[in-house]
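Asker: Per full-length UniProt numbering, the very first residue in the sequence shown carries number 1; after that it's consecutive.
These are calculated hints, taken from the structure and not from any lab test. These figures come from a predicted structure and were not determined experimentally. One thing to keep in mind: the hints can contain errors.
[Stated by the list, open to error] Between beta-carbon pairs, the in silico distance windows are:
no., residue 1, residue 2, range
1, T52, T28, 21 to 27 Å
2, R79, P42, 18 to 24 Å
3, R80, A46, 18 to 24 Å
4, P15, K49, 14 to 20 Å
5, P42, R77, 24 to 30 Å
6, R80, P42, 30 to 36 Å
C-beta atoms are modelled at their ideal positions from N, C-alpha and C, and glycine is treated no differently.
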Amino acid sequence: MAHVSHRPTTIYTSPGCPDCRMLKQWLTREGVAFAERDISDPDIMAEAKARTGVRVAPISIVEGAVFYGPFHSQQSRLRRSACLQPPERES
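Using the sequences provided together with the hints, build the complete structure.
Answerer: Here is the structure:
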C-alpha cells in the first residue's frame, strides 16, 4: 500500500522526457512527495550538475543519495531507498 513520504526528495526533469514522466507518475502513485526542477532552465541545469555531476534527466535525489539513468533502472534502486520507507515515528 502506498504511503506519503516526508523524506526530502527532489527530481530534475526535462519537458518531453518519457522517463521523467514515468518517474513522476510512479512517485505520485507511491505517495512520495517530491520537488520537481526543470533542467531546461540553464540555471537549474547548472544547479543539477553542481549537486550531482549529472546533466541528463531524470535525476532523483533522496536524502542526499543521487539516482540517475532511465526510469526502470532508477525504479529498482529507489524502491530500496529511503524515499519508499515509512517515515520514522517520533517518540
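Asker: All hints, please: hold or fail.
Answerer: Each hint tested on the structure:
1. One distance hint, 21 to 27 Å for the beta-carbon pair T52 and T28, holds here, with the actual separation near 22 Å.
2. A beta carbon spacing of about 33 Å between R79 and P42 contradicts the range 18 to 24 Å that was offered as a hint.
3. Range check, R80 to A46: Cβ separation about 30 Å, and the 18 to 24 Å hint is violated.
4. The beta-carbon spacing between P15 and K49, approximately 18 Å, falls within the hinted interval of 14 to 20 Å.
5. Between P42 and R77, the C-beta spacing of about 28 Å keeps the proposed range 24 to 30 Å intact.
6. For the pair R80 and P42, the supplied restraint of 30 to 36 Å holds, since their beta-carbon distance comes to about 33 Å.
The structure fails hints 2, 3 (numbered hints given earlier, in ascending order).
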